[in-house]
Amino acid sequence: MVLTTTDTTARPPRKSLLRENPSVLWFMGLLGLFTLIVSLLSEATGIGVISTSLVKILGMTLCLCLVALAMDVVWGYCGILSLGHFAFFGLGGYAIGMSLMYARTEIVVRDNLARGTIPPTETEVLDAVAAQIFGVVGSSELPLIWSFANSLPLQLAMVVLVPGLLALVFGWLAFRSRVTGVYLSILTQAMTLALSLYLFQNDTGLRGNNGLSGLQNIPGFLDVPQSVISMWFFWASALALGLGYLACAWVVSGKFGAVIQAIRDNEARVRFLGYNVEGYKLFVFTLTAVISGIAGALYYPQAGIINPAEVAPIASIYLAVWVAIGGRGRLYGAVIGAAAVSLLSSWLTGGGAPNIDLGFYRIVWTDWWLVLLGLGFVAVTLFFPKGIGGLFDYLVRKQS
Amino acid sequence: MAPVADAQTEAATLQDVLQEVSEIVANPSRAQVPRLLERLSAAELPGTAEFLRAFSEREVVQAADGRFFLSRENADQTLTLIDPDSGEEHGTVGTREVSQIRPNAGVRREINASLVQFELMDPDPARRRAALASAARSPDADQIPAIAAALKAEDNADIRARMERLLDLLNARFATDTAIRVDAIEGLRGDISTEARRVLNQLLQTRADFAQTLPEDANIALIRQPGEDISLIAAYAVLADADLVPPRPGRNAIRDALRANVVDGMVGGIPVHQLDTDERRLAAYRALEDNGTLAPLVTEADMQAAVDQYVFFDAYLEPDQGVTDAAREALDSTRTLIGLFQFASLTLDALSLASIFFLAAIGLAITFGVMRVINMAHGEFIMMGAYTGYVIQTLIPDYTLSLVVALPTAFVVTFAAGVMMERLVIRHLYTRPLETLLATFGISIALQQLAKNIFGTQARPLTAPDWLAGSVAFNDLVSISTLRVGIFFMALAFLLMLLFILNRTRLGLEVRAVTQNPGMAASMGINPGRINMLTFGLGSGIAGVAGVAIGMYAQVTSEMGANYIVQSFMTVVVGGVGSVFGTLAGAGLIGSLQKGIEWFNPTNTLAAQTYMVLFIILFIQFRPKGIIALKGRAAGD
Amino acid sequence: MSTLLEVDGISVTFDGFRAINNLSLSIGEPELRAVIGPNGAGKTTFMDIVTGKTRPDSGRVLWGERSVDLVRMSESQIANAGVGRKFQKPTVFEAQSVRSNLSMALKNKRGPLSVLRWSPTPDDEGRIQALAEEIGLSARLGHRAGDLSHGQKQWLEIGMLLAQDPRLLLVDEPAAGMTPAEREHTTDLLKRAARTRAVMVIEHDMEFIRRLDCRVTVLHEGTVLAEGSLDHVTKNQQVIDVYLGR
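Taken in sequence, the protein lines are chains A, V and U. Per numbering that gives the first Met the number 0, residue 0 is the first one in the first sequence, and the count goes up by one each step. Per numbering that gives the first Met the number 0, residue 0 is the first one in the second sequence, and the count goes up by one each step. Per numbering that gives the first Met the number 0, residue 0 is the first one in the third sequence, and the count goes up by one each step.
Because the hints were derived from the structure by calculation, they are not lab data. Take the hints with a grain of salt, since some may be wrong.
Partial list, derived from the structure: chain A residues whose beta carbon lies under 8 Å from chain U [unchecked claim]:
no. : residue
1   : 177
2   : 260
3   : 268
4   : 276
Backbone N, C-alpha and C fix where the C-beta goes; we use that ideal spot for every residue, glycine too.
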């Protein structure tokens, strides 16, 4: 067993995280190699084989892998099938989006106002920014939740604080009343639904259906070409994924990992060992929510737009699907699942794949991809409960 | 009815009467026309009303032989003549062969007033009712005498009551005498119909006004204290609009004024680039004000002083205070009653929503309760039922018949789909409930996309038969569409049927046994596999039937199931798993809650849903096992 | 010998069925005590109440020198206060190694943050080795607990119980599924443990109880029927009636 992380405490006293988790080294190496190759092939820093839009897609995929990692820790290791982690992802996106949109609008507005004979007052700038951002929903006032939008550091703190606090409060309520299993899943789904309904409203201060847009423009770097900015975000995403992998590996290994896996398998027994199960669950739930928020904050500037549909309950279910296909309970499984399914999805639905003419029927992939995914997913659940990651186990066992 | 003057009139036909006064008919004048009307009313001949209507509509002609006819214009510029007595056609003539009679506006008003009277005196009660209804639609002061006269002759109690009420409505608005009006308003006390309340509210309409002293003759509704009932700025703006004071320059006006007075990059001695705060702009303005370039700035004190010279008030458009007082009292008297009826209406709405939730959730409750299986594809079974209904409706054009066929077919189709899914997928996952959730979700997205591929993305109609299309109205405030009543009874039927199956049949006994202890049930010769299969089929079948009902109520789209699935889960979880009554309670709670929240904030149903979900999350904190919870070891963990 | 646990008049009802009926008993430290009783006598429910799994409708469970009421504490708080429990069915974490099972049970700080930073000291490692020795699983420390035999799982659970270093051990049918030699070993182990702590054993096997050679409490219909030495209670007419049926 070289690649598994589940079986770590079997070895004599703990020496180092990397020794215990050989998969971490493998992963870091492959991630570094991948980053290097993409950099060398990109338009901005290489020979230009990979287009800027593809760099963005790859960068976004890395972010999806990061949120899948978080999902794997909370579900695969701790046994909480959360149908809310993509909502935390979206919240991170909204938090960064508010800052980006505000800053960019302010630049545009100041530009416009400076053309007048008299320089604008701060109030005038603020009013104009508000009118510009909220004109689409028929308002011209900056809502209270935008109070920190003019300060990047504060809003960056929000990326962590908003998902973290929501997870903390929700988790505390849910775990305290010992809601478990499918009930807990439904409860997290209810949370996600409430959040997306909240965001869909025009008068709750986040532009309702319109969402936040223009996020690909980074204030202060407006004259830097997108090809370069996309590389920055790609590198940042790769770094975040690497650090996230390390953090997750650290959490799921050692005694802490043993305890949360024990909670997954028999939480009542863990209680009788004297562990405060609720505290552990809350810790894992909140930590993974924060990781999801960070992933979202890196994803949406590359996507350029965020709207409430991104936060809808279905997105969180897809997240669970990725992790299940990749293989639960192994970190690299989550990464493989997220990368494979999301890349395949954008290839097939983006018109990249050739349609198949059967003579009597033409298979159009945009129409049939979801059918394929749905049925494929059923097959994975039925026949390969360990997912793609299970294949690695099989290969490794065959070798030894 | 007024007594008839000329006793010698014994004319047999309307034409005879008309010929007697042919001068007046041919050249009707305001002064002469009452005589014609008197004659007509004295003769009491059939067809009088039609004749008068035609007369007023300028559709009466005089033929060359002097006889009068009603006429109908044809497309080819000819006129069809109609005999006023028999109502039969009397041939076609060119427009120039007859003289068309064109009574003027004054004459027509006379005729119309009398027409109401004729119709109200019609021997056929149905026509009298119709006349009353048409009079109520276009209330007019002229109708008052006619209705009053008709009321005296009326012997049908129901029509009398209607007449009295219409008279009250008219008198309240149009009577000239205060006492009569107040009396009429008293008569409307306690009347909750929209018409009555509209009349009363009309009487209480106000306009905002101001004056230096409170006018003696105005009927004051409210005196607005500046700073309290009206903001100082708004009050000042009112005065400014009336050109009584100079307008107060706002921030933009100040900026524009400064902009217009830039001299050599300076305004009032301050460099332009420094004018980026309100204080400096104000200073610049003051400087310009001092040298007389700009009108003085209006300060708060200025505004206060100006506003203090005036009183601001709302006055009733109706000058008579007695009338407005009575109207207000009459409206107040109905307030409690209206509140009660609105509550009743809300309850009906909630009940109807609850029955929809119940229908959508009960199938889920059965599968969840008996098998502990979360079926995420439940919503797609609802959709499947709805599409079955749609397909059958395209095959059988008769809506009633197609509905009768669709309900059992939808059940069979979704029952089969449910059984297939249980055999192929769920059976293998009984020990892994969380994975059932995911596998059924996979089926759900596949089914949804399949439906999109087959039926397209646009909504398909599933039309309810006519007898379900109307609505049942109890009064102006409480009414409900027949379809919703139908859905309510359908939910009730399902409830009774399920209770019967579960409590009175062998299948029900076995289902309960498997619910409580599958191992024990199996050892007693019950085949849990068969029970699970049947239960799953039953739950899915009910979803299909619910789909037909929901499809008629909403629209048939591939996403319709997804819209109900989360609510259905909430219903089951809130109600308590494994209990039909629990689901009923859950549906009732969620339905009334949603309607209740919507009532407080009717414009924003999204907000209502948000709050509802939040409430449910909190609710589960306190009752994690739902309203009706199974207790003891059987409940399991 | 001072009183460690005093159960004072507890009652609990499930859906109208009175599982525990005004039950009072106490155990000292150190002491070895056997609890016997026919099926449905409330033995397991009694343990559930002491360990916080079930909340009684009335009564108190007083613990330790300061007589804190366990009824108001959560399962994990009770376990940390020094109550260890072994279940009737062996419940170990099958997906994890024997070492990991033992290391989780070791008496260390239990908070998430200290567990996250925890790494085994030589002392901890020594204890794990010693425990493994004691339960005969030294050679299998690295194996998955799920791969152990039924008896070995029983042993592992007893090992985990000892690793917790509790003041009171509640042991539910420890000898089920063990070979005679293993039973003997178990008896020795329990007796040795009872030298320094309170041990309460629920058992059906009279032979096993006889070998424990301790005070016996007989439960019936949720209340104490008799208490004393095994010979004393087996002579009690009521006990004979209950066991043989009337």
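Hint check:
1. Hint status for residue 177(A) relative to chain U: violated, with the closest Cβ pair at about 10 Å, above 8 Å.
2. With its C-beta approaching chain U no nearer than about 6 Å, residue 260(A) sits inside the 8 Å limit, and its interface hint holds.
3. The beta carbon of residue 268(A) comes within 5 Å of a beta carbon in chain U, closer than 8 Å, and the hint placing it at the interface holds.
4. For residue 276(A), the shortest C-beta to C-beta distance to chain U is roughly 7 Å, which falls under 8 Å, so the interface hint holds.
Of the numbered hints stated above, the single one contradicted by the structure is hint 1.
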